[in-house]
Amino acid sequence: MRVMVGMDKGKESFYALQWAVTNLFSSGVEMNMVTLAHVHQPSKRFGVAPSAIPAGVGVTGFPSTAVGDSERNAEQQIPAAVLSQALEICTNKVKANTVIVEGDPKDMLCEISEQMNVDLLNLGSRGLGLKGRIKR
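In full-length UniProt numbering, the protein residues as written are 1 to 136.
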């Protein structure tokens with residue numbers, strides 16, 4: 001069975017991984033493999049060009065390239081840390097590979113699942129009902 005677990009910083013994704021490892025894989029079977037997928041959303045904080053900001057909005061300056069580079073480096077470390085922690089859950093239980101992509105999580109997880117012919121995509125849930133998920 002090809003299983004993928006969507007991973008992020010939330011405890012819910014780690015619970016989903018733990019559930020998959022515990023309930024879907026037989027101990028001692030070497031062919032068990034799970035794919036840990038992290039979708040990184042690009043930062044939009046500094047993504048606006050100065051010329052795109054209308055005059056008179058009170059913008060007095062823009063971050064230097066060094067600040068932008070520093071933020072990008074920090075953002076790139078998050079997926080590595082998340083997947084490193086997830087791999088620890090898999091150690092001695094199931095083989096795991098990792099995938100890091102950039103984009104919208106819901107779209108990219110579906111796309112990766114289709115490309116890899118995944119049988120089961122397992123995601124954590126924060127327990128929000130429909131009302132809690134609707135942005136106002």
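It is possible that part of the hints are untrue.
Unchecked claim - Here are the simulated DSSO-like pairs of lysine-lysine, each with C-alpha atoms no more than 30 Å apart in a straight line:
| id | residue 1 | residue 2 |
| --- | --- | --- |
| 1 | K9 | K106 |
| 2 | K106 | K93 |
| 3 | K93 | K9 |
| 4 | K95 | K11 |
| 5 | K11 | K106 |
| 6 | K9 | K95 |
| 7 | K93 | K11 |
| 8 | K95 | K106 |
What the hints assert, rightly or not - Across the chosen pairs, the derived CB separations fall in these ranges:
| id | residue 1 | residue 2 | range |
| --- | --- | --- | --- |
| 9 | M116 | Q85 | 28 to 38 Å |
| 10 | D107 | S26 | 31 to 41 Å |
| 11 | L87 | M1 | 14 to 24 Å |
Derived from the structure by calculation, the hints contain no laboratory data. Each residue gets a CB set at the ideal place from its N, CA and C atoms; glycine is no exception.
Each hint tested on the structure:
1. K9 to K106: holds, 16 Å
2. K106 to K93: holds, 28 Å
3. K93 to K9: holds, 22 Å
4. K95 to K11: OK: K95 and K11 at ~21 Å, within 30 Å.
5. K11 to K106: Answer holds: K11 to K106 is near 18 Å, not above 30 Å.
6. K9 to K95: holds, 21 Å
7. K93 to K11: Roughly 20 Å between the alpha carbons, so the hint for K93 and K11 holds.
8. K95 to K106: holds, 25 Å
9. M116 to Q85: 28 to 38 Å: violated, 22 Å
10. D107 to S26: 31 to 41 Å: For S26 against D107, whose Cβ atoms are near 33 Å apart, the range 31 to 41 Å holds.
11. L87 to M1: 14 to 24 Å: holds, 19 Å
Comparing the model with each numbered hint stated earlier shows that hint 9 is the single one that does not hold.
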